[in-house]
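> Top line first, the protein sequences correspond to chains A and B.
Using the numbering used here, read the first sequence as starting at 1 and increasing by one per residue.
Using the numbering used here, read the second sequence as starting at 1 and increasing by one per residue.
Keep in mind that the hints were calculated from the coordinates and are not lab data.
Computed from a predicted structure; not experimentally measured.
Glycine is no exception: its CB is placed at the ideal position from the N, C-alpha and C atoms.
One should not assume that every hint holds.
Label pairs and their in silico Cβ distance ranges [what the hints assert, rightly or not]:
{"hint": "1", "chain 1": "B", "residue 1": "Ser70", "chain 2": "A", "residue 2": "Thr20", "range": "45 to 51 angstroms"}
{"hint": "2", "chain 1": "B", "residue 1": "Ser80", "chain 2": "A", "residue 2": "Leu83", "range": "39 to 45 angstroms"}
{"hint": "3", "chain 1": "B", "residue 1": "Leu113", "chain 2": "A", "residue 2": "Pro39", "range": "19 to 25 angstroms"}
{"hint": "4", "chain 1": "A", "residue 1": "Gln54", "chain 2": "B", "residue 2": "Thr55", "range": "32 to 38 angstroms"}
{"hint": "5", "chain 1": "A", "residue 1": "Arg30", "chain 2": "B", "residue 2": "Ala1", "range": "25 to 31 angstroms"}
{"hint": "6", "chain 1": "A", "residue 1": "Phe69", "chain 2": "B", "residue 2": "Glu15", "range": "45 to 51 angstroms"}
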Amino acid sequence: KAGVTQTPRYLIKTRGQQVTLSCSPISGHRSVSWYQQTPGQGLQFLFEYFSETQRNKGNFPGRFSGRQFSNSRSEMNVSTLELGDSALYLCASSSDRVYTFGSGTRLTVV
Amino acid sequence: AQSVTQLDSQVPVFEEAPVELRCNYSSSVSVYLFWYVQYPNQGLQLLLKYLSGSTLVKGINGFEAEFNKSQTSFHLRKPSVHISDTAEYFCAVSGSGSARQLTFGSGTQLTVLP
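Chain A on its own, in the form it takes in the complex (with noise of 0.2 angstroms):
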């Protein structure tokens, strides 16, 4: 059974940009969450999708956000990004409360 893919491993990008990340969650699973990482502020929980809908929403800016496909594969973008976004964002899919976590995308911001 394949895990939770997370493209791309890497990212660097420019202050202002945008960025999208991807997330494919485990086969059947149809809840997909986020969270960043930092050194700072350790794991925050940004959004939780479940089949297409957003679900729950944590304490972040507008210029985060996130959608999710019929295939339970879910995006998250930031827009305008600032330096302090430099993070691992993490993809998690869930099925009975068990979260799978997938490798990561290390974003940073120049």
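Use these hints to put chain B onto chain A, whose structure you have.
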């Protein structure tokens, strides 16, 4: 609101010694508890989970944890650690409804010394 406190940010221990990583949680609703491990430049791997039932939970790689509702704790233990256990460990809690998401502690860096 739910929260998790990992009491030790760093735990050094010698190889083959026992280890306990401490985790306390706060939640006003029923909780589900997890321990994850993260190796450098990787994602989070689930070590074990408490959803219901027996309060002693066994996980992968010889780890176990005990859910203590009265002390709101979920400490992680291993009787004998290996060099390969060196990693960062995260305790997490999730609830129901709008509290369904995982809330993580700040992590404990376990360093196993030869």
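> Hint by hint, note whether the structure agrees.
Consistency of the hints with the structure:
1. The beta-carbon spacing between Ser70 of chain B and Thr20 of chain A, approximately 47 angstroms, falls within the hinted interval of 45 to 51 angstroms.
2. Distance hint for Ser80 of chain B and Leu83 of chain A: a CB-CB separation of about 44 angstroms, consistent with the stated range 39 to 45 angstroms.
3. Here the CB-CB span from Leu113 of chain B to Pro39 of chain A is close to 23 angstroms, well matched to the stated 19 to 25 angstroms.
4. Evaluation of the 32 to 38 angstroms hint for Gln54 of chain A and Thr55 of chain B yields a pass: the beta carbon distance comes to about 34 angstroms.
5. Between Arg30 of chain A and Ala1 of chain B, the C-beta spacing of about 26 angstroms keeps the proposed range 25 to 31 angstroms intact.
6. At about 47 angstroms, the beta-carbon gap between Phe69 of chain A and Glu15 of chain B stays in the expected band of 45 to 51 angstroms.
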